[in-house]
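Asker: Model the full assembly from the supplied sequences, consistent with the hints where possible.
With my numbering, letter number 342 in the sequence shown gets 342, and the count goes up by one each step, no holes.
By construction, these hints were calculated from the structure, which means they are not laboratory data.
Restraint-style ranges between C-beta atoms, simulated for each label pair:
id: 1; residue 1: 281; residue 2: 105; range: 30 to 38 Å
id: 2; residue 1: 299; residue 2: 78; range: 51 to 59 Å
id: 3; residue 1: 21; residue 2: 277; range: 16 to 24 Å
Note that CB positions come from ideal geometry on N, CA and C, so glycine has one too.
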Amino acid sequence: MAAETAQNQVTATALGPWPGTDPAEAARIIRGELGSPHLPFLAELPDRGVGSDALGRTASLLVELAIDVQPHGWRLVDRPGKDLRRAKSALATDINVLADVAGSEESSADALKIQLRGPMSLAAGLYLHNGERALLDYGARRDIAESLAAGVAEHVSRIRTAVPGAGIVVQLDEPDISSVLAGTIPTASGYRTLRSIPVEEVTGAWRLVIDALRAAGVAETVVSVPEIEAPIQQILSSGADGVALPLKALTTRQWEQIATAVEAGKRLWAGALPIENPRATLPRTAELVDTVWRPWRQLGLPASSLGAVRVTPSDGLAGFSPSGAKEVLNRLSQIADGLNQLALG
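Answerer: So, in structure tokens, the structure goes:
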């Protein structure tokens, strides 16, 4: 219901990573700045260290696959250890804090977003016993996708308990997808690269996880990718409700694919606010509104269809100060307001 309501107007959210180590402060700022109709989210706080990074956080949800930390990164292991317990504990703390903050509000948000590392980038970031990336091995890739699909239902259920009545939105992050599809991810030695993964396998892995999320009652799932070689059509053919990507370097062809998707009822999470330098002054709202509005008009999309857009920063906000990150959220809501005024004509 919440996703359907938001579809009528442009809304704002951010991508998940957040500065600092205090989940209560993060939750209060995010929910304060992204009140209805916007989309608050469960923050990721990588500054807390091992287990609070995006990869370890999602890997802690895997069913019957355990992980630990080695010098080269997270590794699949035979039995759970302290690193996995730390990741699970940090996530449980975040969910409990979210419940406390949401429970103290006079009126709860209509929806909440959570972020998960997608199955392909998860396989690219996890290592096998022999020190090679799991992405190298077809069986490991399959097991990771199936294990993630099996683990999302309980996670979604815990989130839903923390924010009763809110529609749950899921952002599947695939930061490595261009390299996965192009075959440019290096092996552990660095002397060669892993072969490219077939598009059909990638789409199938996404479909497996998205179907599991839908079965768990998730209201909306988008796949978030970098703009370079973004596989927009493949994302949408996997059953995703939309695609999230930065706007800064989109080609005309990619915008045409987005237009086709919007006309088919899909969502665009537009990374309209570039944030490469956390110390730089944020661009003016009118300028940022134009980065969406100009191509929208050029493609012949009607102003009334701008409700398909959700505006985001181009990247996560972990490099900002909490006050700087709050300013970003405020600017995003201003961009959404500007686009909504255009939508009304």
